[in-house]
Amino acid sequence: MMSKTHYVFKPYNVGRWITWGLFALLLLMAPKVFTSNLSISMLAQMGIAIIACLSYNMLLGQGGMLSFGHAVYTGLGSYMAIHALLRVSEGMMNMPVSLIPIVGGLAGLVFAILFGYVTTKKAGTTFAMITLGIGELVFAMSLMFSEFFGGEAGITADRMVGDPVMGISYGPNIQVYYLIAVYTFVCVALMFAFTRTPLGRILNAVRDNPERVEFIGYNTQMVRYLAFIIAGFFAGISGGLAAIQFEIVTAEVVGPVRSGGYLLFTFLGGATFFFGPIIGGVLMVLAFVLFSEITKAWLLYLGLIFLFMVMYAPGGIASLIMMNLRVAAFGRLRELWVSYLAMAGSALVMLAGAGALIEMVYHLQLSTAMGDTVAFLGVPLDTTRADSWFGGAFVMLTGLGIFELVRRHFMRHWADIQTDIEKEIKRRETE
Amino acid sequence: MSRAHPEPTPQARHYDESISHVAPGGYALELRDLRKSFGKTEIIRGVNLAVRRGERVAIIGPNGAGKSTLFNLISGRFAPTSGQVLLEGQRIDGKKPYQINRLGLSRSFQITNIFPKLSVFENLRCGVLWSLGYRYTMFRFLADLDDANERAEQLMEMIRLDKKRDTLAMNLTYAEQRALEIGITIGGGAGVVLLDEPTAGMSKSETGRFIDLIREVTVGKTLLTVEHDMGVVFGLADKIAVVVYGEVIAFDTPEAVRANPQVQEAYLGSVLADQQAAGH
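So the sequence lines, in the order shown, correspond to chains A and B.
Sequence positions in the first sequence follow our numbering and run 1 to 431.
Sequence positions in the second sequence follow our numbering and run 1001 to 1280.
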């Protein structure tokens, strides 16, 4: 071993303390700001989704493993947790409700050990295909074994079991929220810590260039397997929290739609940065709870947004933020605000047009009995009249045209700024 | 596992005595009747080669002679069809690349093979982790691993990339990437280092500087390198192995190889003529 030749100055990382402090404060204060029952329930769900998306990103963003079956681990975590909760309420097991999510986590871990061994044998397309297969397998089994999975009705349990500890009975929503908040904080911190460990870094190396990793002493299959197991553990905790939050677990929690949701929102949030999936988790709940209330066509809108992100911002929202922060750090962000405003404006126009068309189509398909008119953004649109359709199409195409013009102009400007920044970095390096 | 070794030559025995931990035969790397076929085509056709500890060996030969395949067989990328590879007297043929690396053999690649999305420092740190005992460690922070960080910093200075510490590997120049690859290769402290065309694609002045660098960072190591530039070969190598059609037709000092009529005929004559014509 090498001896220390010089004293290494390790300053207290103030920035990091502030960031984590703010995160804790945010978790603490959020229900004081959004006080309604719905918003507290949504906040709780956001915590659950954040853990799930971050655990998913351990595979996707950090390990380069595209999984189509992550819901297997969150879902089986949910099932084991709710069964544990049932045992506790039947008096067959003694365990505080606060620890039930750990049961979920251990279930996720065990199933990841089991399935992961096969899954992580190969990377790339093979990996993706096997996760898809295992996802389908577990979902199919959930419909077959109704003893464990509860069939169509699912499994219900009551989280108010045992005597309240220090007044905490988990009856009120807010108590459950704070339980989830604590788990969220700890899990996020642990998952962040993982990215700073040797295994976490080698996982990045495996993502970048698995072959090279084999020649620096690591078994890439083992690296993927271990990462998969850890991801399974956190996924399971997320599932366990969901079981306590909803007090019901149905087969859809292990289903392909849920798996797809994790993929979609992790990607939207941004897989290349640690905090990307946190944004993704928040968006996921907003979309599933609020957006789905506003319009029946919400999945279609979601698909469109996803499409646009993949095409124009493959790094997700996190990477958009980071790129703009970089531009801001070099004092160039101010030049761009006109372009941003124009793009946002034209995008809204385009969206309004597309929205009008989509809502009219949905109206024709689903609710013709309610009359021919559909109110969209306060405008009554008559689905039987051609001018409504032409109007919608006209607005959409106009928006699209302007957007494309502005975007091209913006891209040129953006490229110029990037070149300038590169030059500036080079200049500073040589100084 | 076969432990039968030929009697070491008197010369080899003399060499052995000067080194503390002696492997049977005294060779760092030994190939015995190594063969590799792809389908019906035999690419490596019975290679025998014994490299002493600390020797620098250049492998030369025409394109398609099997030089890179030989490296792939030694480093475990492919398993040989038959024959043996011995590292410090221990059979390594058929083992996985990571197992071979752990036993003290490391290699670089003809096509730059680094971690593009990691910084220079992270690339090098990844290269040293296993050898320092940080295997699949997940309960310690990288920042606290003083030995690994120090070693990575040292490497960074050795390959003269200390000014590019936090630059992503994909943003380095080609020559810098080649240097980084050498850094990753030697980082784990392997005693036997295989460099596959380390100077490929570099300009003449870059090549010169790079050879100095290679010489510097491989001091005390056993070095095998595939190289096309004859200037480099004769400047760097203690011994030269000439591979033609999957066989070693000569293995000797540069002077002896240069004078060998068989080598002249098969390969070197035409190459030297070409390089002279090209103004080398």
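One or more hints might be untrue.
What the hints assert, rightly or not - Which stretches of chain B does chain A cover? Using the computed rule of at least three CB atoms under 8 angstroms from a CB of chain A, they are:
(1) 1030-1040
(2) 1093-1105
(3) 1132-1146
Unchecked claim - Below, simulated EDC-like cross-link-like pairs (lysine to aspartate or glutamate); rule was C-alpha separation at most 20 angstroms, straight line:
(4) B:1239 - B:1206
(5) A:426 - B:1212
(6) A:423 - B:1212
(7) B:1163 - A:208
To be verified - Some chain A residues near chain B, calculated using beta-carbon distances under 10 angstroms:
(8) 26
(9) 30
(10) 32
(11) 167
(12) 168
(13) 197
(14) 198
(15) 216
(16) 219
(17) 220
(18) 222
(19) 230
(20) 384
(21) 387
(22) 389
Calculated from the structure, these hints are not laboratory results.
This structure is a prediction, so every number in the text was calculated from the model and none was measured.
Every residue gets a Cβ at the ideal spot worked out from N, C-alpha and C, and that includes glycine.
Status of the hints after comparison with the structure:
1. 1030-1040: violated (count 0)
2. 1093-1105: holds (count 5)
3. 1132-1146: holds (count 13)
4. B:1239 - B:1206: The given pair, whose Cα atoms are some 24 angstroms apart, is violated under the 20 angstroms limit.
5. A:426 - B:1212: 26 angstroms, violated
6. A:423 - B:1212: Distance of about 30 angstroms is beyond 20 angstroms: violated.
7. B:1163 - A:208: 23 angstroms, violated
8. 26: 25 angstroms, violated
9. 30: Violated: closest Cβ of chain B sits about 29 angstroms from residue 30 of chain A, beyond 10 angstroms.
10. 32: 34 angstroms, violated
11. 167: 35 angstroms, violated
12. 168: 31 angstroms, violated
13. 197: 5 angstroms, holds
14. 198: 4 angstroms, holds
15. 216: Where the cut-off is 10 angstroms and the nearest Cβ of chain B is about 5 angstroms from residue 216 of chain A, the hint holds.
16. 219: 5 angstroms, holds
17. 220: At about 8 angstroms, which falls below the 10 angstroms cut-off, the nearest Cβ of chain B leaves the hint on residue 220 of chain A intact, so it holds.
18. 222: 7 angstroms, holds
19. 230: Nearest chain B Cβ about 7 angstroms off; hint holds.
20. 384: 55 angstroms, violated
21. 387: 53 angstroms, violated
22. 389: 47 angstroms, violated
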